[in-house]
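A.B. asks: Top to bottom, those sequences are chains U and R.
The first sequence finishes on residue 768 if you use the numbering used here, and the numbering steps up by one all the way, no holes.
The second sequence finishes on residue 225 if you use the numbering used here, and the numbering steps up by one all the way, no holes.
Keep in mind the hints are simulated off the structure, nothing from the lab.
It is possible that part of the hints are untrue.
[Claimed, not checked] Pairwise CB distance ranges (calculated):
{"no.": "1", "chain 1": "R", "residue 1": "K182", "chain 2": "U", "residue 2": "T758", "range": "35 to 41 Å"}
{"no.": "2", "chain 1": "U", "residue 1": "F316", "chain 2": "R", "residue 2": "G112", "range": "51 to 57 Å"}
{"no.": "3", "chain 1": "R", "residue 1": "D25", "chain 2": "U", "residue 2": "T673", "range": "32 to 38 Å"}
{"no.": "4", "chain 1": "R", "residue 1": "F63", "chain 2": "U", "residue 2": "F707", "range": "56 to 62 Å"}
{"no.": "5", "chain 1": "U", "residue 1": "G377", "chain 2": "R", "residue 2": "K116", "range": "55 to 61 Å"}
{"no.": "6", "chain 1": "U", "residue 1": "S730", "chain 2": "R", "residue 2": "P68", "range": "56 to 62 Å"}
{"no.": "7", "chain 1": "R", "residue 1": "P68", "chain 2": "U", "residue 2": "T673", "range": "27 to 33 Å"}
{"no.": "8", "chain 1": "R", "residue 1": "D96", "chain 2": "U", "residue 2": "N267", "range": "51 to 57 Å"}
{"no.": "9", "chain 1": "U", "residue 1": "S730", "chain 2": "R", "residue 2": "K116", "range": "42 to 48 Å"}
{"no.": "10", "chain 1": "R", "residue 1": "K116", "chain 2": "U", "residue 2": "V374", "range": "30 to 36 Å"}
{"no.": "11", "chain 1": "R", "residue 1": "K116", "chain 2": "U", "residue 2": "T673", "range": "29 to 35 Å"}
{"no.": "12", "chain 1": "R", "residue 1": "K182", "chain 2": "U", "residue 2": "G377", "range": "56 to 62 Å"}
{"no.": "13", "chain 1": "U", "residue 1": "G20", "chain 2": "R", "residue 2": "Q185", "range": "52 to 58 Å"}
{"no.": "14", "chain 1": "U", "residue 1": "F707", "chain 2": "R", "residue 2": "Q185", "range": "38 to 44 Å"}
[Stated by the list, open to error] What the simulated footprint calls covered on chain U by chain R, stretch by stretch (three residues with Cβ under 8 Å from a Cβ of chain R suffice, anywhere in the stretch; the number is not a length):
{"no.": "15", "region": "676 to 684"}
{"no.": "16", "region": "757 to 765"}
All values reported here derive from a predicted model rather than from experimental measurement.
All C-beta atoms in this analysis are idealised placements derived from N, C-alpha and C, irrespective of residue type, glycine included.
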Amino acid sequence: MNSAIKSYYRNFKKQKLIYGITIGGFAISLAVLILIVSFILEEKSVDKHLPNITNMYRIKQANGNAQIPKRIYEPILSCAPEIEKLCLISTNETFYEYNNEKKWASVVSTNKDFFEVFAIEVIEGQKEGLLEAKSDVAVTESFAKKVFGEKNPIGEILEFGNKEEKVVKAVIADPVKTSSLKYDVIFNLEQEIFGSTMGYNSESYKMFDAIFLLNASANYTETENRITEILKPYEGYKETTLKIQPFKEVYFDTKGDNDEFSHANLNMIRLLSWVAIIILLLAVINYINLTTAFNNERHKEICIRKTSGARRISIFSQFLKESYISCLIAFILAIGIALLISPLFNDLFGREIIISEALHKRQIIIAIISILIVVGGVTGLLPALSVSRFNPIDLLQRKVKLQDSNFRGIYNTFQLVVTMSLIICVLIIVKQINYVKIKNIGFNKEYLLSVRLQGKTGPKSGVIKENLLKYPNIIDVSATHGRPFGIYSTGSGSWKDGNIEYRIENISHVNTDTSFLSTFGLELVKGRNFRPTDKDVCIINEKTYNFLQFDNLDGNTIWGSKIIGVVKDFHFKKMYDELGFIQLKYDPGNVSHLNIRISGNNIPETIGIIKKELKEFEPGMTVEPEFYNDWINSMYLKEEKQAKAIKIYAAIALLLSCLGLLGLAEFSTIKRTKEIGIRKVNGARISEILNLLNSDFIKWIAIAFLFATPVAWYAMDKWLENFAYKTEMSWWVFALAGLSTLLIALITTSWQSFRAATRNPVEALRYE
Amino acid sequence: MIQLNNIYKYYDNKFQRTFVLKDIDLTINEGEFVTVMGPSGAGKSTLLNIIGMLDEPSEGKYFFLDQPAHELKEKKKVEFHRNYVGFIFQAFHLIDEMTVYENIETPLIYKGVKHKDRQAMVADMLDRFNMVAKKDLFPNQLSGGQQQLVGIARAIVGKPKLLLADEPTGNLHTDQGREIMKLLQKLNEEGITILQVTHNEEFAKCGKRIVRLVDGMISTDEQIR
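Construct the entire structure; sequences and hints are all you get.
C.D. replies: This is the structure:
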């Protein structure tokens with residue numbers, strides 16, 4: 001072993017650069033692989049820590065909706081004795097006051113069974129009968145530390161939302177990192193805070209997720225049927241089939257997107273898994289490619305060893321030892337790199353990957369060790385096989401030709417296909433994001449702010465509006481419930497108007513006031529605007545008007561509210577969907593947001609004024625006014641994350657491709673040293689030699705381009721199907737990707753080619 | 001044609017300077033057939049390479065056709081290779097991936113000769129060396145003597161004024177060697193200046209003048225014909 005290390009060290013010193021890029025490239029891809037696999041494993045382990053996970057279920061409607069109102073809680077419990085514990089869960093953000101400081105907290109409102117279903121450990125305080133009083137709260141350990149410091153939190157009083165005083169009765173353990181339910185404070189679900197902070201207050205708005213423990217011996221489907229039956233007499237459940245869903249599936253159930261739990265980004269996981277496989281493949285082949293390419297330099301050493309009596313087996317073991325040393329170095333480097341770059345991925349993954357934790361996981365260790373064993377073995381054996389086969393006399397006399405580089409060519413082409421496809425994808429995703437961002441959305445989103453009304457500001461929106469309009473830089477103000485691109489309510493159904501039955505799917509509702517059209521700069525095409533004296537009237541958009549095939553506005557209604565006007569179409573949803581139906585209802589008393597049109601002058605001062613005016617009514621206001629422009633742009637965060645992910649992979653693929661090309665360049669220049677010498681002696685210029693060498697690479701890149709274009713086109717065509725409004729897949733995107741790859745590839749190889757072309761031909765031809 | 005004044009060639013190591021050529025003065029006129037002889041390591045090949053402008057002298061002046069060659073730029077040197085000089089090697093140095101025809105054609109392509117003219121010139125060579133039937137074969141399908149014929153054909157197809165031959169017969173049987181030497185003599189009679197390096201006394205005498213090198217210095221320089 002000692003001699004192997006010595007020999008390795010000397011070779012390393014001789015070819016520092018080559019060893020460096022070979023091992024470095026492998027280490028970088030291993031590092032990214034470690035990160036991705038850690039992320040995927042962590043996603044898979046979400047909620048699996050719960051001791052009751054195998055018996056935990058959630059009630060869910062067959063159509064995917066998992067939310068139920070409180071009133072069906074009792075009947076479910078009464079009909080199914082096999083349900084041992086059942087908790088209703090609703091999450092929210094609310095602000096609390098302690099020591100005259102107002103801050104936000106994540107809240108779960110639930111009943112006392114919650115602690116048993118989720119097996120939550122009470123660290124301090126009362127263990128039995130928690131949440132029996134409406135004013136009971138339990139806080140997490142970290143929350144307690146943050147708010148109360150060293151003080152004993154038990155018995156402290158916190159003020160939540162609208163001056164509701166709560167008593168801390170217990171301190172519970174923090175939710176673990178891999179929990180799909182996050183909270184600081186646990187409330188009794190009977191309290192009223194959320195109604196008042198949201199600006200409305202009705203039983204029907206309060207929906208819960210019902211999580212329960214099912215007796216292990218219970219029959220799953222029978223329980224399902226019984227629950228469905230018992231709920232039939234209840235309003236809204238006549239036609240509904242209820243299912244029960246194992247809780248361990250909840251995190252990956254992304255269809256019910258308005259429930260109380262955080263969910264996996266399945267698309268991202270899928271994308272990352274694919275990328276992980278491709279990176280692993282590229283990295284491994286690349287590493288093998290590079291090591292074997294440069295091992296050719298060592299043919300002479302090997303044959304001298306053979307002439308001095310080395311057996312095949314000892315040559316094998318020498319190569320194997322050295323390749324395992326390389327792999328080990330790469331692995332150690334990879335961990336270092338992973339530690340270094342993991343913060344870059346936090347944003348992308350939506351969670352923090354802690355490498356030291358990841359390395360404790362058995363799967364990761366097994367995966368890495370098996371990769372190292374396989375890669376080390378292959379990289380050691382391949383060159384050993386090819387070298388040990390030859391007769392040393394042939395080797396010494398240089399009769400042995402280097403192996404044909406077809407494999408390298410094909411492999412490099414594959415790498416380039418991956419690289420180019422990824423570059424094309426990035427370009428098109430970025431182009432699409434820009435397209436939807438700058439697309440005309442039908443109203444003027446510049447200098448338009450919105451601010452959520454909190455606490456006492458909701459009911460006072462009329463007064464606030466008047467106060468704000470006194471300032472010259474505030475042009476117009478409109479209060480709404482929900483807002484464009486942040487619709488709160490959408491409905492489907494039918495109604496009768498005279499003899500005609502109308503039916504419409506997915507119409508959005510926004511409550512507004514008289515100044516909505518002027519604030520947003522919208523145009524009426526028919527009818528009139530709201531008047532302060534109106535009652536039960538609405539304005540619809542052109543699309544709805546045309547869909548319902550009204551000829552005029554005379555007496556037409558939607559669900560009993562009279563249509564008084566038709567507004568020109570404007571966008572109010574993400575560009576995933578076609579422009580939708582919308583109904584603007586006149587209801588200035590029931591609003592959630594203020595939309596404020598300001599002039600472009602002295603914006604910070606204007607924002608200051610708005611905040612000041614709102615604080616007059618609710619000193620605890622913490623929400624900042626937000627520009628519509630920023631808000632709409634932030635809708636495409638998911639796409640931007642995808643673009644970022646693909647950018648990172650494109651960069652890695654590009655890096656690996658360049659390393660592969662470098663290997664190919666080195667290999668072909670070694671192979672052609674003699675030919676280059678002969679050509680130079682016969683009068684070839686350096687530029688002609690460069691052409692000769694580069695034309696090979698250009699050929700591979702051209703072939704790669706031919707494959708990458710349809711692959712990327714197909715993938716992006718699929719991706720763009722997500723959007724109702726698509727950017728064009730212009731030819732220049734493909735050309736740009738092809739040309740930039742070509743350029744980078746030529747820059748990579750030209751150093752090698754130039755060195756080969758400028759070498760003195762005497763050196764190449766001197767030795768026989 | 002060739003005039004070497006005080007040519008030195010040396011390599012500097014850490015502590016000492018190793019001389020390959022020491023103070024070489026040599027004049028070769030057009031039409032001469034000079035043989036350079038000497039023991040291994042005497043600097044024969046280095047001298048040849050310097051004359052062929054593949055290598056540069058460390059000191060001294062070299063005039064080729066009255067032009068100062070030691071001052072030539074890289075581009076001019078390429079011109080020199082293209083137009084004035086042909087090389088023949090001991091190991092033939094044919095391009096393995098090319099046929100006989102393509103090997104002979106290579107220098108013409110670099111010289112920028114038109115396709116039609118190239119065809120005629122290569123055909124001429126093949127004809128002259130009786131290799132027409134072998135034009136589509138690859139070098140490894142030929143015997144050593146035939147390979148060297150291709151090498152010579154390639155060297156002279158561009159009609160050079162000077163032919164540099166580094167042990168052209170070193171890898172050949174004596175019979176094949178004699179053939180090659182006869183060919184060189186014939187080429188010399190046609191007007192090409194030839195400078196050859198050889199170990200073989202018999203082949204050395206095929207030339208008109210023998211220059212003997214010992215330890216990088218000219219020991220004798222005799223006209224034999």
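A.B. asks: Decide, hint by hint, whether the structure agrees.
C.D. replies: Hint-by-hint comparison with the structure:
no., hint, verdict
1, K182/R - T758/U: 35 to 41 Å, "39 Å, holds"
2, F316/U - G112/R: 51 to 57 Å, "52 Å, holds"
3, D25/R - T673/U: 32 to 38 Å, "35 Å, holds"
4, F63/R - F707/U: 56 to 62 Å, "57 Å, holds"
5, G377/U - K116/R: 55 to 61 Å, "58 Å, holds"
6, S730/U - P68/R: 56 to 62 Å, "58 Å, holds"
7, P68/R - T673/U: 27 to 33 Å, "31 Å, holds"
8, D96/R - N267/U: 51 to 57 Å, "53 Å, holds"
9, S730/U - K116/R: 42 to 48 Å, "45 Å, holds"
10, K116/R - V374/U: 30 to 36 Å, "58 Å, violated"
11, K116/R - T673/U: 29 to 35 Å, "33 Å, holds"
12, K182/R - G377/U: 56 to 62 Å, "59 Å, holds"
13, G20/U - Q185/R: 52 to 58 Å, "56 Å, holds"
14, F707/U - Q185/R: 38 to 44 Å, "59 Å, violated"
15, 676 to 684, "holds (count 8)"
16, 757 to 765, "holds (count 4)"
Comparing the model with each numbered hint stated earlier shows that hints 10, 14 do not hold.
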